[in-house]
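Participant: These are the residues of each chain, in order.
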Amino acid sequence: MDEKKYQSKYKRVGQAYDRKDAQEKVTGQAVYAYDMELPGMLHARCLLSPYARAKIVSIDTSKAKALPGVRAVLCGEDSDILVGLYMQDKRVLAKGETRYHGDVVAAVAADDEETAERAIALLDVVYEPLQPVHDVDEALEAKILVHDDINELKHYVGVFFPQKDSNIASWNKSKKGDLDKAFAESDVVVENEFSLPAVAHVPMETHVAIVQADPYSNKIRIWSSAQSPFAIRQIMADSFGISESDVEVHIPYVGGGFGGKAGIHLEPLAALLSKAAGGLAVKVRATREQEFNQLPTRAGMRGRIKTGVNLDGKINAVQAVYDWDSGAYADYGVNVGKTAVYSGLGPYSVDNASIDSKTIYTNKVFSTAYRGFGHLETHWSIERQIDILSQKLGIDPYEFRMMNLLEPGSRTISGELVTESTGSVKECLTAVVKEIGWTGRKTEEERQREWKTGKVRGKGFAVLQKAPAMPANTASSAIIQMNGDGRVRMMIGGVDIGQGANTAMAQIAAQELDLPIEHIDIMTDIDTRANPYDWNTVASKLTFMGGNAVINASRELLRKMKEVAAQVLKTEPEYLAHANGEIYHVHNPERKLSYKQIALGYMYPGGTSIGGPLMATGTYIADGLTNLHPETGQGAPALVWTFGAHAVEIEVDVETGSIEVLKVASAFDIGQVINEKLVYGQICGGVMQGLGSAILEGYKFSNDVKLMNPSFTDNKIPTMKDMPKEIVPIYIENPQRNGPYGARGVGEHPMISIPSAVGNAVYDALGINFHVLPLSPEAIVLGIESGKKSILCTDVDCLPGR
Amino acid sequence: MDNNKDCSMYTEHVESGKRKVTLSLTVNGQFVVRDIDPNMTLLHFLRDNLKLFGTKEACGEGECGACTIIMNGKAVTSCIILAVEAEGAEITTVEGLAMDGKLSILQEEFISQDALQCGFCTPGFLMSTRALLDHNPNPSDEEIIEVLSGNLCRCTGYHPIMQAVKRAADREQKELGR
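Keeping their order, the protein sequence lines are chains A and B. Per the numbering used here, the very first residue in the first sequence carries number 1; after that it's consecutive. Per the numbering used here, the very first residue in the second sequence carries number 803; after that it's consecutive.
Among the clues, some could well be false.
To be verified - As a list, the in silico PhoX-like pairs of lysine-lysine whose alpha-carbon atoms are at most 20 Å apart:
1) A/LYS306 <-> A/LYS175
2) A/LYS442 <-> A/LYS455
3) A/LYS721 <-> B/LYS968
4) A/LYS95 <-> A/LYS154
5) A/LYS434 <-> A/LYS5
6) B/LYS968 <-> A/LYS725
As the list claims (entries may be wrong) - Simulated coverage check for chain A against chain B, where a stretch passes if three residues somewhere in it have a Cβ under 8 Å from a Cβ of chain B:
7) 31-44
8) 493-500
9) 680-692
10) 704-715
11) 719-727
These are computed hints drawn from the structure, not numbers from a lab. As the structure is a prediction and not an experimental result, all values here were calculated from the model. Every residue gets a Cβ at the ideal spot worked out from N, C-alpha and C, and that includes glycine.
Produce the entire structure from the sequences given, and follow the hints as far as they go.
Facilitator: So this is what it looks like as structure tokens:
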């Protein structure tokens with residue numbers, strides 16, 4: 001980062017400005033929901049189910065209620081409210097039955113956390129443990145239903161497809177070409193299974209919600225560490241049977257989200273407690289343990305891929321079956337499963353394909369969106385399968401990919417036409433393969449020679465794609481108002497959760513209005529009473545959609561400014577231009593007005609005034625999307641594809657099994673860099689999170705489906721010691737014609753395909769194909785010890801002789 | 803703990819039925835005296851009593867470093883230290899890094915290198931780094947990694963933090979003659 005190589009052709013867009021929130025964050029001034037206190041505020045604690053599945057026989061709350069300082073005690077009998085963004089399947093408090101070890105059985109609001117904690121200990125609950133659903137295979141047998149009311153669950157009809165009397169929350173499909181014929185005509189057909197466990201988001205600020213339910217009206221006021229204020233507003237209104245306008249959502253600084261704070265989480269529980277406590281504000285703050293075992297996670301997934309290919313390297317057919325272990329609920333999880341049917345083959349051109357993606361209920365911790373959702377998982381399967389195919393065919397994995405990747409003129413799995421404006425995955429792959437110095441796979445002799453030194457190096461790479469997964473009517477908006485000093489303040493509805501959205505949006509406004517970045521003040525707190533609507537802060541969509549809304553608002557503001565200036569300067573608006581905070585005549589720049597002179601209306605020398613305070617709005621609604629056909633998956637799901645590729649070089653210690661990451665080269669076709677520092681930050685951070693999924697992280701469940709590693713002691717995330725020695729970011733800029741300055745989003749993408757690139761490098765190093773994550777030291781050693789060339793299971797139970 | 807104070811130094815009394823102890827210490831250069839619950843952690847004392855909200859709790863068990871402060875010259879995780887252990891101590895929190903309305907070099911470099919995103923772990927990283935540079939003004943990469951691997955960050959991927967620390971060390975040596 002010392003030498004900024006990136007040069008932008010624009011004055012403000014593309015410049016590496018410091019992030020706008022930085023000063024508040026390095027001085028301890030930044031206020032998070034965790035820091036907030038309201039007058040009379042109570043604190044809550046929850047009692048979580050000690051069983052993965054159990055009947056709640058009785059709950060005695062009398063002792064807890066009698067404890068001084070306790071203001072409210074709630075259990076499932078007190079509320080029938082169901083919540084969920086896509087599937088309304090989640091009870092705020094378990095009633096009758098608990099569905100995972102972590103389901104909220106009861107909750108207490110008290111004067112302080114200690115009193116609430118003590119009250120929880122006084123609750124007397126009698127359970128009758130029930131046989132839990134352990135995994136997707138057991139779930140698919142449907143002998144036990146996790147939700148016996150699945151046939152009646154409210155859901156987003158036509159987009160998600162719950163299956164009757166089953167544990168399948170949604171079965172999404174796509175189909176194209178003639179699969180049977182294509183397989184029959186293929187020279188080689190290869191079938192493989194890949195899997196990966198659930199992984200936690202681990203935002204450093206745990207989930208926090210403070211809610212005050214006004215006892216004198218329908219108003220519910222929420223302060224939350226959340227990504228999606230407007231989704232919370234909508235879901236709260238739906239679930240509580242009130243109007244959206246009755247719900248106020250305030251979002252201060254958010255201490256990390258990564259998708260885990262999209263949708264709705266602790267807000268309904270806090271609202272119920274507030275109501276029960278006579279309308280006092282109630283703060284619910286997840287402990288780190290609850291963050292792991294109560295709040296949702298990334299779903300575990302199993303992918304079965306069958307590929308038919310010709311000896312010359314042309315892929316004829318792919319059949320993919322993805323089974324998502326969504327745990328106890330799928331309120332958001334179904335949307336993760338849905339991504340697989342339009343993106344689950346990776347950025348390849350395949351004429352004959354079928355994908356079945358099932359989001360499945362089990363009795364594990366439930367799932368939700370996690371950075372690049374659905375994509376890290378499917379790309380783990382696809383990009384490992386592609387590598388294995390290239391081994392079988394004896395074709396270089398780079399050449400093999402280049403033969404089959406999407407390019408202008410080809411069509412995606414759902415039938416969208418790829419054009420120059422879509423970007424180029426081939427350029428991304430070529431750039432990273434060059435950067436890593438790829439000259440082909442290691443020979444067995446080279447491998448054996450290195451093995452004797454105790455350390456073997458390997459190189460691997462993988463491509464990726466992702467488009468925002470969102471409803472066809474997703475919208476963003478912006479409001480710009482000018483202050484009396486000629487500077488502007490702007491409000492958007494998306495949340496800066498650390499990705500730097502506010503700085504990027506300010507740069508776009510600064511570029512449009514030709515004002516210094518310091519003259520664009522963007523409101524950091526979101527308040528649904530003041531800020532304009534944005535669907536959700538997810539899916540790497542804010543740069544594209546918010547950026548377009550900001551451009552539209554800026555241009556509307558300029559149009560209004562020129563109208564006023566034209567009257568004053570006695571000309572027509574079309575003869576006026578703007579620069580450096582001034583509106584001037586294109587022929588005679590001395591005929592000019594400063595922004596400041598017209599900011600609040602222009603006053604002639606005699607006092608007569610025209611114009612008025614300058615303000616403008618801008619909106620952007622997803623352009624040209626459709627729902628997918630329920631059987632074929634054909635349609636237009638993607639507003640903007642961002643393509644990318646990673647190449648890695650690793651060193652495997654064959655004694656300890658540990659993987660050291662020496663170098664990661666990452667290229668993305670982002671169309672236009674908005675802020676080089678921020679893009680670099682997304683790449684470094686995303687690569688690191690991807691490495692966590694690749695070599696470190698994963699939920700471990702006991703035989704009775706309890707989460708065994710709900711702490712930082714047992715659920716490690718990468719530290720500075722795990723940092724790759726070198727990360728090389730590469731920005732490819734093929735502009736998207738309808739993007740803001742051609743830009744595409746890149747918030748999630750750096751994480752996708754890191755595990756597959758590492759898995760491919762492990763094959764290069766060891767000659768062993770791993771089909772399961774994480775590639776932890778234990779897994780690598782067990783893999784080597786097994787003597788097998790394909791590793792489908794890295795549990796100790798899978799060792800030979802067990 | 804570097805704190806050799808004897809427990810007998812605490813003045814304990816009972817206030818509305820609860821045991822209280824009187825704690826006196828220096829925080830960011832200010833001498834403070836407060837009556838507190840004897841089982842209160844230093845983190846809660848800083849946040850709840852002194853309203854210094856810059857110091858964060860992210861795990862509550864000393865694993866993540868978000869609550870790191872400097873106590874008697876050493877970086878410590880304030881969530882697993884009792885406030886009474888800080889009797890007579892000199893404490894610096896993130897609020898004490900900037901002087902006279904001017905950011906410190908370390909804070910400036912965290913900004914210039916974009917060594918933060920969500921910012922929740924940032925105070926902890928700043929304090930761990932401050933303690934490191936106070937003891938070792940010119941640390942090697944390995945020494946930086948060794949010390950800062952006790953702080954978790956989920957956003958940045960650590961590279962920008964590494965850059966910021968190295969640049970801050972460099973500038974402090976040149977500009978402050980460390």
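Participant: List in ascending order the numbers of the hints, as given earlier, that are violated by the structure.
Facilitator: Hints that this structure does not satisfy do not exist here, as all of them hold.
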